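For chain A, the structure is supplied; the task is to place chain B on it using the hints.
Line by line, the protein sequences are chains A and B. Those letters in the first sequence? Residues 145 to 466, by our numbering. Those letters in the second sequence? Residues 145 to 466, by our numbering.
Please keep in mind that the hints were generated in silico from the structure rather than gathered at the bench. Incorrect hints may have been included.
Given that identical chains are not distinguished, each listed pair holds provided it fits within a single copy or across any two copies.
As the list claims (entries may be wrong) - Pairs of lysine-lysine, BS3-like flavour, derived with a Cα cap of 27 Å: (1) LYS258 with LYS461; (2) LYS177 with LYS258; (3) LYS344 with LYS388; (4) LYS259 with LYS466; (5) LYS446 with LYS167; (6) LYS177 with LYS419.
Just so we're clear, the structure is a prediction, and the values are computed from it rather than from any experiment.
There are 2 protein chains.
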Amino acid sequence: MKDMNETRIPTFDDVLAAHERIKPHINRTPVLKSEYLNGLTGADLYFKCENFQEPGAFKVRGASNAVFGLDDEQAAKGVATHSSGNHALCLSYAAGRRGIPCNVVMPRTAPEAKKDAVRRYGGVITECEPSTSSREATFAEVQARTGGEFVHPYNDPRVIAGQATCSLELIDQIDGLEAVIAPIGGGGMISGTCLTLSNKAPGMEIYAAEPEQADDAYRSFKAGHIIADDAPVTIADGLKVPLKENTWHFVSNYVTDILTASEEEIIDAMKITWKYLRIVMEPSCAVPLATIIKNPDTFRGKRVGVIVTGGNVDLDKLPWIK
Amino acid sequence: MKDMNETRIPTFDDVLAAHERIKPHINRTPVLKSEYLNGLTGADLYFKCENFQEPGAFKVRGASNAVFGLDDEQAAKGVATHSSGNHALCLSYAAGRRGIPCNVVMPRTAPEAKKDAVRRYGGVITECEPSTSSREATFAEVQARTGGEFVHPYNDPRVIAGQATCSLELIDQIDGLEAVIAPIGGGGMISGTCLTLSNKAPGMEIYAAEPEQADDAYRSFKAGHIIADDAPVTIADGLKVPLKENTWHFVSNYVTDILTASEEEIIDAMKITWKYLRIVMEPSCAVPLATIIKNPDTFRGKRVGVIVTGGNVDLDKLPWIK
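Pulled out of the complex, with its shape left as it was, chain A reads as follows:
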């Protein structure tokens, strides 16, 4: 499953190329603010709403960059990935827009709502058991059979360059930001943020926010090498995956700090965001605000960009309703 695309660190030129390439296929998402949340935190918060992408997540940026960057010969064979979440959805969406095949390996235990969305966008699902060995074996079989180009959910340089366009928009939309904070799982969004800001705004602080119960990036950051957890349990289901070599490069070189929050703090921050910003967003997106509330001295008085990563939530089952 190793792909030569996985082993290259993307450059800022890749970001500029991605920005032009994906413009027709993504939304330039709005930035929202709330006097109430500013009062609560003492900071000036600017929420970049990637939940307003058509398929509901920032991952449409990296997925579109990969899909629309393929030459026609590669494109005819389509793309392939393994994911139980937003990357599967967004890759299917991007492939659908280009009219090429998309094969996705998903654990049979993945939520039906997410499988339905993959199918709605034209993706073909092959189910595997919910284990790493089954996923890798099944994916190898699917890729061999279809010849689809492997687009890794976050370690792929095309994906990182695509995600990097989010903060490129943000600093164009909001002047004078002093810090940006985003959730961290595998590190695709944070890596893209580092890539853009280290080039366009080198003084800006970059914070990653992580659930305490899936704090492998935090521990990696403190230890100075990648620590991967086996099966972390957290409500922030988008943040369970470990760092890989390309994302570790950015995290270890450019991130200011990694902050963590408990499950209860995440749910509280999620509910107050829904209430005062009036947006539907996933638990993962609430981790940054939870850490801002928890670390007021770090953010007080600063203009802070907060990246809201996605909004694909099961509306029948909200964590604050028992």
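Below, chain B alone, put in the same frame as chain A:
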């Protein structure tokens, strides 16, 4: 309680003045779209998200226009109104920004969450019994005691001119709209929409959307005179009030048609908007989409502006979760 401000039809010059006056105090709200909802309806829908106003509703436009239009002598005595909902909240918010008193008469049965928000913004609540006679007697006492300027929730020309700035923004943000649709209760938003569009885009169709179970505007429109219901019961709690003379002027002269939807259709439209547009909005705001889904021939192929009026929802009690 009659106020001379109530008896004047506002003009488009009033709208332009309101636009300048309230600019520093409101958000120019973003317009969102969804390929999924467009596919579902066959129309090109542009959602103007007034739920993203700081106090959560378009009513901050009219309230700010009234509050910031007062001369200093009037302003010193503050403003007063009766409302159990978003007008109370938004008038308190606007008065708080100007630093003047705001007295609100609210039924003792109004939701605690809304009372809390009024107080957070600095409004002073006097409770009444949930009846028209108690409300009017209590309000007369409060107004006599405080001398506060009465700002009617929707019949006040300053309020209508303020609400009219919403569609002024919308037609600046989206080119080539062929129709606009908004919910109708007392008719403040629809009247403002009529006022702006009849001046700036006279060919554009204007639809009002109303719950079947509170269809007094629909019946008034068909009958040619105001019909007021006593106590309609609908989940769209913002839409229970009747038309008055100023809003009837606009509705009877400029509205293309009034469309209605059942409670079930409203709840369904609310849930799919939360799911696919990923915004938190009130049941009232779902009535337009519900009527668009129900009347596909009226909207198919058209570019339609949909005004999302507010987002103050009790997140612990969503209508699709039993």
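Consistency of the hints with the structure:
For a Cα distance limit of 27 Å, the shortest separation of LYS258 from LYS461 qualifies both inside one copy, at 14 Å, and across copies, at 25 Å. For a Cα distance limit of 27 Å, the shortest separation of LYS177 from LYS258 across copies, 21 Å, qualifies, whereas the shortest one inside one copy, 29 Å, does not. Taking the shortest Cα distances, LYS344 and LYS388 sit within 27 Å of each other inside one copy (25 Å), while across copies they are farther apart (56 Å). Taking identical chains as interchangeable, the C-alpha atoms of LYS259 and LYS466 lie at most 27 Å apart whether they share a chain (25 Å) or sit on different chains (25 Å).
In this assembly of identical chains, LYS446 and LYS167 lie within 27 Å of each other by CA distance solely across copies; the values are 25 Å between and 30 Å within a copy. Taking identical chains as interchangeable, the C-alpha atoms of LYS177 and LYS419 lie at most 27 Å apart whether they share a chain (13 Å) or sit on different chains (21 Å).
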